[in-house]
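Chemist: Make the full structure from the sequences, and use the hints.
There are 2 protein chains.
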Amino acid sequence: MLSEFDLIKQYFVRPARAAKAQLGIGDDCALLGLAPGRSFAISSDMLVEGRHFFAGEDPYRLGHKSLAVNLSDLAAMGAQPAGFTLALALPAADRDWLAGFSAGLFALADAHDCELIGGDTTKGPLNICITVFGEVAQGQALRRDAAQPGDDIWVSGTLGDARLALAGLRGEVALAPEAQQLAGTRLHLPTPRVALGRLLAERGLARAAIDISDGLVGDLGHILERSGVGATIDIDALPAGPALAMSPAAQDVTLRRACTAAGGDDYELCFTAAPAQRAAILAAGAACGTPVTRVGRIDASPGLQLTDGQGAPLELRLAGFDHFGTGK
Amino acid sequence: MLSEFDLIKQYFVRPARAAKAQLGIGDDCALLGLAPGRSFAISSDMLVEGRHFFAGEDPYRLGHKSLAVNLSDLAAMGAQPAGFTLALALPAADRDWLAGFSAGLFALADAHDCELIGGDTTKGPLNICITVFGEVAQGQALRRDAAQPGDDIWVSGTLGDARLALAGLRGEVALAPEAQQLAGTRLHLPTPRVALGRLLAERGLARAAIDISDGLVGDLGHILERSGVGATIDIDALPAGPALAMSPAAQDVTLRRACTAAGGDDYELCFTAAPAQRAAILAAGAACGTPVTRVGRIDASPGLQLTDGQGAPLELRLAGFDHFGTGK
Chain A
1 MLSEFDLIKQ
11 YFVRPARAAK
21 AQLGIGDDCA
31 LLGLAPGRSF
41 AISSDMLVEG
51 RHFFAGEDPY
61 RLGHKSLAVN
71 LSDLAAMGAQ
81 PAGFTLALAL
91 PAADRDWLAG
101 FSAGLFALAD
111 AHDCELIGGD
121 TTKGPLNICI
131 TVFGEVAQGQ
141 ALRRDAAQPG
151 DDIWVSGTLG
161 DARLALAGLR
171 GEVALAPEAQ
181 QLAGTRLHLP
191 TPRVALGRLL
201 AERGLARAAI
211 DISDGLVGDL
221 GHILERSGVG
231 ATIDIDALPA
241 GPALAMSPAA
251 QDVTLRRACT
261 AAGGDDYELC
271 FTAAPAQRAA
281 ILAAGAACGT
291 PVTRVGRIDA
301 SPGLQLTDGQ
311 GAPLELRLAG
321 FDHFGTGK
Chain B
1 MLSEFDLIKQ
11 YFVRPARAAK
21 AQLGIGDDCA
31 LLGLAPGRSF
41 AISSDMLVEG
51 RHFFAGEDPY
61 RLGHKSLAVN
71 LSDLAAMGAQ
81 PAGFTLALAL
91 PAADRDWLAG
101 FSAGLFALAD
111 AHDCELIGGD
121 TTKGPLNICI
131 TVFGEVAQGQ
141 ALRRDAAQPG
151 DDIWVSGTLG
161 DARLALAGLR
171 GEVALAPEAQ
181 QLAGTRLHLP
191 TPRVALGRLL
201 AERGLARAAI
211 DISDGLVGDL
221 GHILERSGVG
231 ATIDIDALPA
241 GPALAMSPAA
251 QDVTLRRACT
261 AAGGDDYELC
271 FTAAPAQRAA
281 ILAAGAACGT
291 PVTRVGRIDA
301 SPGLQLTDGQ
311 GAPLELRLAG
321 FDHFGTGK
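Chain order of the listed sequences is A and B.
Quick note on UniProt numbering: the first sequence kicks off at 1 and runs consecutively.
Quick note on UniProt numbering: the second sequence kicks off at 1 and runs consecutively.
Hints are not guaranteed to be accurate.
What the hints assert, rightly or not - Example chain B residues on the side facing chain A (calculated, C-beta under 7 angstroms, incomplete):
#1 Lys9
#2 Ile25
#3 Asp27
#4 Cys29
#5 Ala30
#6 Asp45
#7 Thr85
#8 Ala87
#9 Ala89
#10 Asn127
#11 Arg170
Unchecked claim - Pairs of lysine-lysine, DSBU-like flavour, derived with a Cα cap of 35 angstroms:
#12 B:Lys20 with B:Lys123
#13 B:Lys123 with A:Lys123
#14 B:Lys9 with A:Lys123
#15 A:Lys20 with B:Lys20
#16 B:Lys123 with A:Lys9
Hints were generated in silico from the structure; no laboratory data involved.
Don't be surprised by glycine CBs; every beta carbon is placed ideally from N, CA and C.
Modeler: Listed below in structure tokens is the structure:
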């Protein structure tokens, strides 16, 4: 039988590396220092089986996604990943599952030089809770409350494929296997936009930012509320993901708009910036290989107005995801 | 229906206080700074219904205990609490439960000036994951790997009452209602020894330390392993809790020893220190109102030897708690 301590030792304690932590796994606490003039950005996300992922989800993908959603929060602050803790409730200590999960987790962690510094393992219904720590220079963090009227609204990458994949899995749309596969990569192996977030913060290009986990409309709504502003979004300017673009089912404009404007799980960044920064923002996107698209503007008067490609107002009911509401 | 955002706003966002965080709840990340020469001590604990607490546990006590076990990890490093994140999976958004849980949580948090800076809420089997942040001067943290041969071994407070309460609840022993009540306070409302841990670290009195969550024998074993030393413990010198001391059932020496030496959930500190520090350690205990008792010594040769009050070696099978093993 695999004990709790053996489990941690075999799957989560790794050979000595160039450690950022002054003290890592194996004590009551980890110890982490911070250079003068910098702050820690800290975020926690909890993933529950049947809620955030299907029962029986591939453990490699789950390891990746569990960390990705947290790194995405760091990206949205413009912070550089430093380390994370992992608390894990498992129904059983299954070696295959643990090997897959830790491989997916560490592949992404290593790509971002983000060190596992501690955590907890216990028996229970499958639950993965990661708390991530990043560093950001004081005053440079991209906050939700910093949008100003006249700002452009931008999104990184493409939107809608993660929601399309979910629709396919649920049988809400009929997708060709290649489209399901392509879209599924976005749903299961999201790419946190860490490099873009850092450039936007370090170069002082963006004002407010948020990551799109619950859908653009809902997440942008948090920026609007915290900044006391409104916005107009050209819904047909939203950059659709490749699976959405290629799929016959997505020629239905209502489905396409629902996926790009309100689909969750894309983990792109939505950010606002002064119009004077347009060229510099395009350059930052190019520098880190992440396309950026201008999709609207911040208004002084409250409310989110959606328009079509011709600028005509649309009335759409597109709610963000609410874990205790009726959901989408 | 109570939405996720309303739930957070009503029960977890509090009126502005003298905040330690540069940015608290409501953004992608919280921001926390650190004074020069200091480090963050970081620990995560996950509590699962049916594993760490009984189904239907009183929510006030659960709020208290969820934070207490984390503060106890800070205490064992000698760190000063600064803030924490809370990730919460709930089967339903029950107002009475949330009111009780948040009241218990914040009563303890306020007593230690430890601020809730962020987190996550979702639907799922009840699971509470807290990550806590404390501050400690660089080089002063009480690590598990610092014990030296010849050190005294000390424990704070008293041991065994939490395990006795569990034995009573499980029907393993028959306890009078007053004894069950008294012991239950230790099980359900543990007191993290934050002030003692800080004094031991700041005054440079202790070398190694750990908090006793899984039983003294198992937890001290971690210090021995990490420090590459052994120890001798006088099992009859272990300070028994008041319920254990008063209960007729605990006149059974085997039960008493099992509770004090291997009972979990007491959240006392076990620490090692040079014999030259004895008077200063007693003074530190007195200064913060926490009794401290010398119970053994660190040996150069590996292994943990238990002796009785007369110094005769005992052969006891007392395992620490293992979440994936057979348990105790």
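Chemist: Hint by hint, note whether the structure agrees.
Modeler: Taking the hints in turn, this is what the structure says about them:
Violation of the interface hint for lysine 9 of chain B is found here, the shortest Cβ-Cβ separation to chain A being roughly 11 angstroms, above the 7 angstroms cut-off. The closest approach between the C-beta of isoleucine 25 of chain B and any C-beta of chain A is roughly 11 angstroms, which is over the 7 angstroms cut-off, so the hint fails. At its closest, the beta carbon of aspartate 27 of chain B sits 5 angstroms from a beta carbon of chain A; the interface hint therefore holds under the 7 angstroms criterion. Annotation: cysteine 29 of chain B was flagged as interfacial toward chain A, and the flag holds, the nearest CB pair being 4 angstroms apart, inside 7 angstroms.
At about 5 angstroms, the closest approach between the beta carbon of alanine 30 of chain B and any beta carbon in chain A falls short of 7 angstroms, and the interface hint on this residue holds. Of the supplied interface hints, the one on aspartate 45 of chain B holds, with its beta-carbon coming within about 5 angstroms of a beta-carbon of chain A, less than 7 angstroms. Checking threonine 85 of chain B against chain A: minimum C-beta separation of about 4 angstroms stays under 7 angstroms; hint holds. This hint holds: alanine 87 of chain B has a C-beta 4 angstroms from the nearest C-beta of chain A, less than the 7 angstroms allowed.
Because the closest C-beta pair between alanine 89 of chain B and chain A is about 5 angstroms apart, less than 7 angstroms, the hint holds. Satisfaction of the interface hint for asparagine 127 of chain B is found here, the shortest Cβ-Cβ separation to chain A being roughly 5 angstroms, below the 7 angstroms cut-off. Restraint check, arginine 170 of chain B versus chain A: the minimum CB separation of about 18 angstroms is more than 7 angstroms; hint violated. Straight-line distance between C-alpha atoms of lysine 20 of chain B and lysine 123 of chain B comes to about 30 angstroms, which keeps the hinted pair within the 35 angstroms bound.
Our distance criterion of 35 angstroms between C-alpha atoms is met by lysine 123 of chain B and lysine 123 of chain A, whose separation comes to about 19 angstroms. For the given pair, lysine 9 of chain B sits about 31 angstroms from lysine 123 of chain A by alpha-carbon distance, which is consistent with the 35 angstroms threshold. The suggested pairing of lysine 20 of chain A with lysine 20 of chain B holds, with an alpha-carbon distance near 24 angstroms, which does not exceed 35 angstroms. Pair hint lysine 123 of chain B plus lysine 9 of chain A holds up; C-alpha atoms about 31 angstroms apart against a cutoff of 35 angstroms.
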